[in-house]
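Peer 1: Here's the letter readout for the chains.
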Amino acid sequence: MNQNLLNIKNLNIYFKSDKNPRPIHAVRDLSFSLKHGEMLGVVGESGSGKSITNLALMGILGESAIVSASECNFSGKELLQLKEREFQKVRGGEIAMIFQDPMTALNPFLTVEFQIVETILAHLNISKAEAKNRATELLLQVGITSPKDRLKSYPFELSGGMAQRVMIAMAISTGPKLLIADEPTTALDVTIQKQILTLIKTLQEKNNMAVILVTHDLGVVSEFSERIQVMYAGEIVETGVTADLIKHPRHPYTFGLLSSRPGAVERPAKSLLPSIAGIVPSFHQRPAGCQFHPRCIHMQEDCKKYDIPLINGFRCIHPMKGPLK
Amino acid sequence: MKVFFSELYFELKKNRGAMLGIMFILFSLFIAFLAPILAPHNPTEVFPDALRLPPSFIAGGKSGFFFGTDDIGRDLLSRLIYGSRISLSVGFSVVILSLISGTFLGVISGFYGGFIDRSIMRLTDLIMSLPSILFAIVIVAVLGPGITNAIVAVSVVAIPNFIRIIRAQVMVEKNRQYVQAAKLFGAGNFRIMFVEILPNCMAPLIVQASLGFSDGILNVAALGFLGLGAQAPMSEWGTMLSDARSYIESSPWMVTLPGLCILLTVLSFNLLGDGLRDALDPRLKKQN
Chain A
0 MNQNLLNIKN LNIYFKSDKN PRPIHAVRDL SFSLKHGEML GVVGESGSGK SITNLALMGI
60 LGESAIVSAS ECNFSGKELL QLKEREFQKV RGGEIAMIFQ DPMTALNPFL TVEFQIVETI
120 LAHLNISKAE AKNRATELLL QVGITSPKDR LKSYPFELSG GMAQRVMIAM AISTGPKLLI
180 ADEPTTALDV TIQKQILTLI KTLQEKNNMA VILVTHDLGV VSEFSERIQV MYAGEIVETG
240 VTADLIKHPR HPYTFGLLSS RPGAVERPAK SLLPSIAGIV PSFHQRPAGC QFHPRCIHMQ
300 EDCKKYDIPL INGFRCIHPM KGPLK
Chain B
0 MKVFFSELYF ELKKNRGAML GIMFILFSLF IAFLAPILAP HNPTEVFPDA LRLPPSFIAG
60 GKSGFFFGTD DIGRDLLSRL IYGSRISLSV GFSVVILSLI SGTFLGVISG FYGGFIDRSI
120 MRLTDLIMSL PSILFAIVIV AVLGPGITNA IVAVSVVAIP NFIRIIRAQV MVEKNRQYVQ
180 AAKLFGAGNF RIMFVEILPN CMAPLIVQAS LGFSDGILNV AALGFLGLGA QAPMSEWGTM
240 LSDARSYIES SPWMVTLPGL CILLTVLSFN LLGDGLRDAL DPRLKKQN
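First to last, the protein sequences are chains A and B.
Here numbering that gives the first Met the number 0 is used: the first residue of the first sequence is 0, the next is one more, and so on.
Here numbering that gives the first Met the number 0 is used: the first residue of the second sequence is 0, the next is one more, and so on.
Take these hints with a grain of salt, some might be off.
[Said to hold, decoys possible] Listed below are several chain B residues computed to face chain A (Cβ distance under 8 angstroms; list not exhaustive):
id : residue
1  : Asp48
2  : Arg175
3  : Gln176
4  : Tyr177
5  : Phe184
6  : Pro198
7  : Ala202
[What the hints assert, rightly or not] Keeping only pairs whose Cα atoms sit at most 30 angstroms apart, straight-line, the calculated BS3-like set for lysine-lysine is:
id : chain 1 : residue 1 : chain 2 : residue 2
8  : B       : Lys12     : A       : Lys18
9  : B       : Lys13     : A       : Lys88
10 : A       : Lys151    : B       : Lys173
11 : A       : Lys200    : A       : Lys131
12 : A       : Lys82     : A       : Lys147
13 : A       : Lys88     : A       : Lys34
14 : B       : Lys13     : A       : Lys127
15 : A       : Lys131    : B       : Lys173
16 : A       : Lys131    : A       : Lys18
17 : A       : Lys320    : A       : Lys303
18 : A       : Lys127    : A       : Lys147
19 : B       : Lys61     : A       : Lys151
20 : A       : Lys15     : B       : Lys12
21 : B       : Lys173    : A       : Lys82
22 : A       : Lys131    : A       : Lys151
23 : A       : Lys151    : A       : Lys193
24 : B       : Lys173    : A       : Lys18
25 : B       : Lys173    : A       : Lys176
Read the hints as simulated data drawn from the structure, not as lab findings.
Since we're looking at a predicted model, the values are computed, not measured.
The C-beta atom is built at its ideal place from N, Cα and C for all residues, glycine as well.
Chain A with its partners taken away, still in its complex shape (with noise of 0.2 angstroms):
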């Protein structure tokens, strides 16, 4: 057995449409791996599957998903072929979820306890009791003042901070090998962003748990992240350590993102930012060739021509020379 927590080779993500025929690839021969413990930071735009990524690997895509890889192990575990039983095991069990608006993803009806409690029942072989007292500490381990007093509220009575501390509370009372964090700071306020991404990190290296970071904010992953991983159009288009990343991208996409950051590239005073010109493409228009082409500033004629494998951890054939700046 190999000493990563999470394996995935040639991933594929299909969905089936009613107005048109053939499957819509929304995802398209994803590999990547996570050793124990290690925080990854998953960047792109919106459109490029991020998301459905990480609902394949938790097995809850809907019926007209198609879901296909060559490899998909999660510590020693192939996810693909597990059952609906097996799998909620792993779901909440080793697996954990958090979102990006915590306030919708609390049962409203229910107190943070009975939610935290059914959780921890779920999964762990323990006495009620004994569930309610780790409830209260695990307020205590995400920096909820006066938990017992939190315990009995109802998640409209918690601020979003608040409630993304519940979430992760709850997504850590099973002692999960992995969180995914899909967007944990979008919808909080930017100093609550901070904190919460700290105690991620706090959390990750106490427990050594893997966390997949999902995130449009480059700042973020790169000052929480080991290694970033950047998506474009269902593919990654760069993969690397992050301090190497952020100095020196490869991939004029990257580049891009990277640049258009306020102050990563020097600029004639109060010109606009630099930004990438264009949309993803839409799933029914995937351009030939390399995706990125036609909003790429250093797009040659082979470029179109064929697809382009991901080589060195970058997928371009005429990548960026230079260092950032």
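Use these hints to put chain B onto chain A, whose structure you have.
Peer 2: For chain B alone, kept in the frame of chain A given last:
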């Protein structure tokens, strides 16, 4: 949950009709519980020398029989008091039966969709396409007359209302993110349906339950009136009405009093139901 009910009570207190309804319901519950103490006579005891006596406050009445007596000399007040026991328990059983089965079918139908949904919906269409009292008569005719069978028949007729209301609500709720979150925390379908989604469908369910209560009482009384529900000597209000029908001109109190009892009970449950609907439906709240 606790917050939900205290807030509900707060809203309800503003509604005078609903409070009146609640008060009358509590009053009839009180009477029903204390029937053996409150009733002056045994409801089936016959007084051969006191046939069709008018109420005691009208000329010709006797002081021992406050609401008078019926055609074979039974005390009307005692029969009405015992009748409240029957009517309330009938209403209760009808609601319990139709609520449980209707909720179960409705949740399953809304959650799974597809073939299961379609078959359950066609079943409700079938029941709803017939006038409810007619369908109840058919069921009682098949099962045989009697209070238990009448309850079953009326419950069956009431089920589609519950199914439809719950189904619609579940179809909205199942797409909420907390449902997906529950799934990602490893909850199975049944836990999601009955622990996560169902509490969020409470509001319309409570309204329908209180309205179903009055429908149940009314329908069982109607079956009693037609001779298909409670059988004589049982002092069920509908049956009492039907027995007194032939004396409507000579001794009108025999029809009026059980009729009034049915009217007031049904009215108070309807008032409560309407009050609950106003209190629970956020759309109605905004308009006021």
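Peer 1: Indicate, hint by hint, whether the structure satisfies it.
Peer 2: The hints, checked one at a time:
| no. | hint | in the structure |
| --- | --- | --- |
| 1 | Asp48 | violated, 62 angstroms |
| 2 | Arg175 | holds, 7 angstroms |
| 3 | Gln176 | holds, 4 angstroms |
| 4 | Tyr177 | holds, 4 angstroms |
| 5 | Phe184 | holds, 4 angstroms |
| 6 | Pro198 | holds, 4 angstroms |
| 7 | Ala202 | violated, 10 angstroms |
| 8 | B:Lys12 with A:Lys18 | violated, 53 angstroms |
| 9 | B:Lys13 with A:Lys88 | violated, 48 angstroms |
| 10 | A:Lys151 with B:Lys173 | holds, 25 angstroms |
| 11 | A:Lys200 with A:Lys131 | holds, 25 angstroms |
| 12 | A:Lys82 with A:Lys147 | violated, 38 angstroms |
| 13 | A:Lys88 with A:Lys34 | holds, 21 angstroms |
| 14 | B:Lys13 with A:Lys127 | violated, 40 angstroms |
| 15 | A:Lys131 with B:Lys173 | holds, 28 angstroms |
| 16 | A:Lys131 with A:Lys18 | violated, 50 angstroms |
| 17 | A:Lys320 with A:Lys303 | holds, 21 angstroms |
| 18 | A:Lys127 with A:Lys147 | holds, 16 angstroms |
| 19 | B:Lys61 with A:Lys151 | violated, 61 angstroms |
| 20 | A:Lys15 with B:Lys12 | violated, 53 angstroms |
| 21 | B:Lys173 with A:Lys82 | holds, 22 angstroms |
| 22 | A:Lys131 with A:Lys151 | holds, 11 angstroms |
| 23 | A:Lys151 with A:Lys193 | holds, 27 angstroms |
| 24 | B:Lys173 with A:Lys18 | holds, 25 angstroms |
| 25 | B:Lys173 with A:Lys176 | holds, 28 angstroms |
Comparing the model with each earlier hint shows violations of hints 1, 7, 8, 9, 12, 14, 16, 19 and 20; every other hint is respected.
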